[in-house]
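Please take these sequences and the hints and turn them into a complete structure.
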Amino acid sequence: MVDFNNREDLRSFIAAEILFPNEAAKYLNITSQRLNQLVQSGKLEPVKISRSGSLYLRQDLDERLKELAIFEPTKNSSVKKDLDNMKTESVLFGNDPKIITESINYFTLQTLHGNSMKKTKPVYEEVKNKFDLHTPLTEYAHEISTFLKIDVEIITKTYNTVYKGFNQLLPTDIVMKIGQEYYPKLLEKTEQAPPFLFMRGNLNLIKYQGVAIVGTRVPSEDGTKKATKLAAVLGKNRIVVVSGLAKGIDRAAHEGALINNNPTIAVIGTPLTKSYPRENAEIQKKISEEGLLISQFAPSSTVQRWNFPLRNSVMSGLSLATVIIEAGETSGALIQADYALKQKRLVFIPQSALDNEKLKWPRKYIQKVGAEKFSRIEDLIKKLEQSNIINLIQSSKNHQQKSSETEIRQISLFDEEG
535 MVDFNNREDL
545 RSFIAAEILF
555 PNEAAKYLNI
565 TSQRLNQLVQ
575 SGKLEPVKIS
585 RSGSLYLRQD
595 LDERLKELAI
605 FEPTKNSSVK
615 KDLDNMKTES
625 VLFGNDPKII
635 TESINYFTLQ
645 TLHGNSMKKT
655 KPVYEEVKNK
665 FDLHTPLTEY
675 AHEISTFLKI
685 DVEIITKTYN
695 TVYKGFNQLL
705 PTDIVMKIGQ
715 EYYPKLLEKT
725 EQAPPFLFMR
735 GNLNLIKYQG
745 VAIVGTRVPS
755 EDGTKKATKL
765 AAVLGKNRIV
775 VVSGLAKGID
785 RAAHEGALIN
795 NNPTIAVIGT
805 PLTKSYPREN
815 AEIQKKISEE
825 GLLISQFAPS
835 STVQRWNFPL
845 RNSVMSGLSL
855 ATVIIEAGET
865 SGALIQADYA
875 LKQKRLVFIP
885 QSALDNEKLK
895 WPRKYIQKVG
905 AEKFSRIEDL
915 IKKLEQSNII
925 NLIQSSKNHQ
935 QKSSETEIRQ
945 ISLFDEEG
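Going by my numbering, the first residue of the sequence shown is number 535, and it counts up by one from there.
In case anyone wonders, no lab produced these hints; they're calculated from the structure.
Mixed in with the good hints, there may be bad ones.
To be verified - Keeping only pairs whose Cα atoms sit at most 30 Å apart, straight-line, the calculated DSBU-like set for lysine-lysine is:
| hint | residue 1 | residue 2 |
| --- | --- | --- |
| 1 | 741 | 917 |
| 2 | 632 | 759 |
| 3 | 582 | 878 |
| 4 | 719 | 653 |
| 5 | 878 | 781 |
| 6 | 723 | 917 |
| 7 | 902 | 878 |
| 8 | 662 | 582 |
| 9 | 876 | 763 |
| 10 | 652 | 878 |
| 11 | 691 | 723 |
| 12 | 763 | 652 |
| 13 | 907 | 876 |
| 14 | 770 | 878 |
| 15 | 819 | 763 |
| 16 | 763 | 907 |
| 17 | 560 | 719 |
| 18 | 655 | 711 |
| 19 | 652 | 902 |
| 20 | 560 | 759 |
| 21 | 741 | 763 |
| 22 | 662 | 632 |
| 23 | 653 | 632 |
| 24 | 741 | 719 |
| 25 | 698 | 808 |
| 26 | 878 | 741 |
| 27 | 582 | 560 |
| 28 | 894 | 916 |
| 29 | 808 | 781 |
| 30 | 916 | 898 |
| 31 | 759 | 907 |
| 32 | 770 | 741 |
| 33 | 632 | 763 |
| 34 | 577 | 876 |
| 35 | 759 | 653 |
| 36 | 907 | 894 |
| 37 | 698 | 820 |
Computed from a prediction, not measured in an experiment: that's the story for all the values here.
Structure below.
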């Protein structure tokens with residue numbers, strides 16, 4: 535044991551055990567960018583963080599080295615050989631293997647029940663009471679077959695399909711079970727909360743409150759400008775912009791956050807492994823690097839049109855409010871408005887929509903409890919302040935700032951000049 539009363543021993547310990555970022559990246563045999571991604575996603579925590587750089591403990595890096603080697607090339611042949619002999623079933627970097635196995639089992643059941651979360655829920659609860667869901671479902675396939683009255687071969691084939699889908703996830707993707715630390719607490723309290731969420735990016739954004747910006751896929755030039763401006767203003771007020779990465783208003787909202795160096799959360803209607811529409815693949819990747827992607831859909835699932843209304847319920851559920859920039863009578867934004875009001879969230883409607891005689895929905899929704907109108911971005915911010923949303927966020931931010939250096943790093947995600 536090092537005697538830290540001895541200055542020379544202390545100096546030797548620091549020199550040997552504390553590494554600078556470039557040394558840490560070299561030690562893990564990864565790029566500096568990859569190292570930053572691990573830190574941003576919460577998978578690796580520096581022992582000290584400052585504007586001039588970060589410091590890493592060698593012991594922390596050793597714990598990560600074997601996990602990284604499972605998924606990424608390593609020059610350490612002895613470690614690689616040991617890992618090749620290990621059983622890596624259901625393991626993703628940073629995930630609890632038991633959660634991974636349980637989630638694969640759950641999505642197998644959901645697939646067997648037409649991908650319906652509503653139909654799967656009671657079955658899942660019954661199966662959970664009778665079987666150990668931390669064990670691969672295929673190990674008791676015959677018992678499950680008898681219980682569900684589904685052929686063993688169908689169960690096994692479905693499980694294998696779901697399992698192969700999980701193998702498409704990135705090493706740093708997270709599968710979050712309801713009740714875990716980084717499962718969105720606001721969403722958790724709603725009836726629409728999925729039992730599992732797939733996340734890619736900076737999990738710390740979950741700890742901040744967010745406001746959703748939604749609207750038509752074919753916005754006017756004015757609508758696009760409003761979405762972009764609102765995203766910038768929300769970020770300046772330490773509010774995370776949440777949207778659904780669809781064409782039009784959604785994309786404008788995400789871009790408004792990103793160009794101002796503010797983080798954004800995209801709740802997508804596809805698995806993390808897919809992009810829709812395809813032209814959003816690039817911005818989806820950018821959000822995964824600078825913000826957070828959230829999906830409730832397993833990698834093995836196909837993209838269906840009903841995915842997107844389900845996505846809306848999650849988006850509104852994890853947000854304090856939903857702002858509709860522009861929307862027609864059949865817009866998916868109205869589905870989100872319905873969910874938001876049901877979840878007792880605020881819904882903001884532009885005055886321009888209320889003044890449009892061709893639209894019926896604005897006058898219908900404005901009469902509902904929780905709906906507010908606004909004419910200018912500044913008016914909307916004032917209403918957020920009056921509803922205590924911004925004050926709540928600032929109070930939470932101040933508490934976090936005092937609590938740890940990690941939280942100080944989170945706050946720096948927002949551009950001070952933005």
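Verification of the supplied hints:
no.	hint	verdict
1	741 / 917	holds, 22 Å
2	632 / 759	violated, 46 Å
3	582 / 878	violated, 40 Å
4	719 / 653	holds, 24 Å
5	878 / 781	holds, 27 Å
6	723 / 917	holds, 24 Å
7	902 / 878	holds, 11 Å
8	662 / 582	violated, 42 Å
9	876 / 763	holds, 28 Å
10	652 / 878	holds, 21 Å
11	691 / 723	violated, 34 Å
12	763 / 652	violated, 38 Å
13	907 / 876	holds, 18 Å
14	770 / 878	holds, 25 Å
15	819 / 763	holds, 22 Å
16	763 / 907	holds, 17 Å
17	560 / 719	violated, 37 Å
18	655 / 711	holds, 14 Å
19	652 / 902	holds, 27 Å
20	560 / 759	violated, 44 Å
21	741 / 763	holds, 24 Å
22	662 / 632	holds, 13 Å
23	653 / 632	holds, 24 Å
24	741 / 719	holds, 9 Å
25	698 / 808	holds, 15 Å
26	878 / 741	holds, 20 Å
27	582 / 560	holds, 19 Å
28	894 / 916	holds, 26 Å
29	808 / 781	holds, 15 Å
30	916 / 898	holds, 23 Å
31	759 / 907	holds, 18 Å
32	770 / 741	holds, 17 Å
33	632 / 763	violated, 43 Å
34	577 / 876	violated, 35 Å
35	759 / 653	violated, 42 Å
36	907 / 894	holds, 15 Å
37	698 / 820	holds, 25 Å
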